[in-house]
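Listed below, chain by chain, are the residues.
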Amino acid sequence: MVETDVVEASLYGSRVLVWSKEDGAKLYKSGFYGKPLNVNKPKDASDLNAYLELSPLEANYLLEKGVIRVRSGRSRLTKERFLKLSRGHYRLFDELYAVYKDLRGKGYVVRPAMKFGADFAVYQYGPGIDHAPFIIHVLPNSADIDPIEIVRAGRLSHTVRKKFVLATIDKVQKKVLYYMFNWWKA
Amino acid sequence: MSELPKSLLKQKKAIISGPDADKVYQQGSFGELEEGKLVLSDVEILFLLEREKILLYNESEKSFAFPEAVALLSKDDPEMWVRYLLYSDLRRRGYIVKPGYGPKLEYRVYRRGAVVGKEPAKYLVYGLVEGRTIGISELASISNSAKLSKKDLILAVIDRQGEITYYDASEITL
Chain U
1 MVETDVVEAS LYGSRVLVWS KEDGAKLYKS GFYGKPLNVN KPKDASDLNA
51 YLELSPLEAN YLLEKGVIRV RSGRSRLTKE RFLKLSRGHY RLFDELYAVY
101 KDLRGKGYVV RPAMKFGADF AVYQYGPGID HAPFIIHVLP NSADIDPIEI
151 VRAGRLSHTV RKKFVLATID KVQKKVLYYM FNWWKA
Chain Y
1001 MSELPKSLLK QKKAIISGPD ADKVYQQGSF GELEEGKLVL SDVEILFLLE
1051 REKILLYNES EKSFAFPEAV ALLSKDDPEM WVRYLLYSDL RRRGYIVKPG
1101 YGPKLEYRVY RRGAVVGKEP AKYLVYGLVE GRTIGISELA SISNSAKLSK
1151 KDLILAVIDR QGEITYYDAS EITL
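Quick note, the sequences are listed as chains U and Y, same order. Here our numbering is used: the first residue of the first sequence is 1, the next is one more, and so on. Here our numbering is used: the first residue of the second sequence is 1001, the next is one more, and so on.
Heads up, simulated DSS-like pairs for lysine-lysine below, C-alpha to C-alpha not over 27 Å straight-line:
| hint | chain 1 | residue 1 | chain 2 | residue 2 |
| --- | --- | --- | --- | --- |
| 1 | Y | K1147 | U | K162 |
| 2 | Y | K1150 | U | K174 |
| 3 | U | K185 | Y | K1150 |
| 4 | U | K185 | Y | K1122 |
| 5 | U | K163 | Y | K1151 |
| 6 | U | K174 | Y | K1151 |
| 7 | U | K185 | Y | K1098 |
| 8 | U | K65 | U | K175 |
None of these hints come from the bench; they were simulated from the model.
Construct all of the structure, not just a fragment, from the sequences and the given hints.
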């Protein structure tokens, strides 16, 4: 990417904003990055005209890819510095980021899934295009899984009618493992 | 009562001899037939005893009722009762249940009406006990061993009062 194409983003506290509406629309369209301010579920991304908020995961990913630059006040943040700040602002940041990167790297659109009671909603094409995203819950790295997590996962799959997946990071194999649990009528 | 097959306790197993051996085996592939004798494992003894399908004696002709057998078989084996809960729950649902691969809370489970020896077990059932966590690496290794033996992995979550709920678990590639 040419230096001039790099999108400017600004950090306020723990939140990242893109002030150029043109750049914001470009980012959003390029893979459903960010949330246009005060626009709910944009129907048509082509006439998007709003400020864009990026999640810390998205911002770190886009910074690492060289798509954006992040400023805090007058200084520009290195990706190392920004990563460190993000860790302080968000629980399980490293685990979430590893899963986010793994999925984005595979070409999925990865969005927050707070409303489903989980960490990520994963779309093949994008929200509003495919309707049954995978819902992903990330478990801490050290994890020991409490059986109740499995029950919860099974329950959620059943009630939300979406594919609910637990993601963990295998430190030995250095990869993300995904598990699905469904209630089994014995 | 006197017609019930007699089993003889030897350490933590029980042996049924004579024509009763085959008779008990035929009731649902219980135990292992070895040279005409049927050898029952601890959970099998308890299941058949609880259902009043066999009688249990030791070498000095003392008979054991179900509670006494539980006490005896869980000596030095704190996991025994939980293993029995899972075993008997699956049996009551009509499955044929055989020991798993490890010393863990694990069973190979055949579909209903299966003929053991003619077909492999369809499921690997692994028990998880409420209040106790399972390591990710352990879950990964169970999942892998189920995959290698071409069985569906079923996790049985056993709550603190012994109620069991089953979940089909699969590792997926996204």
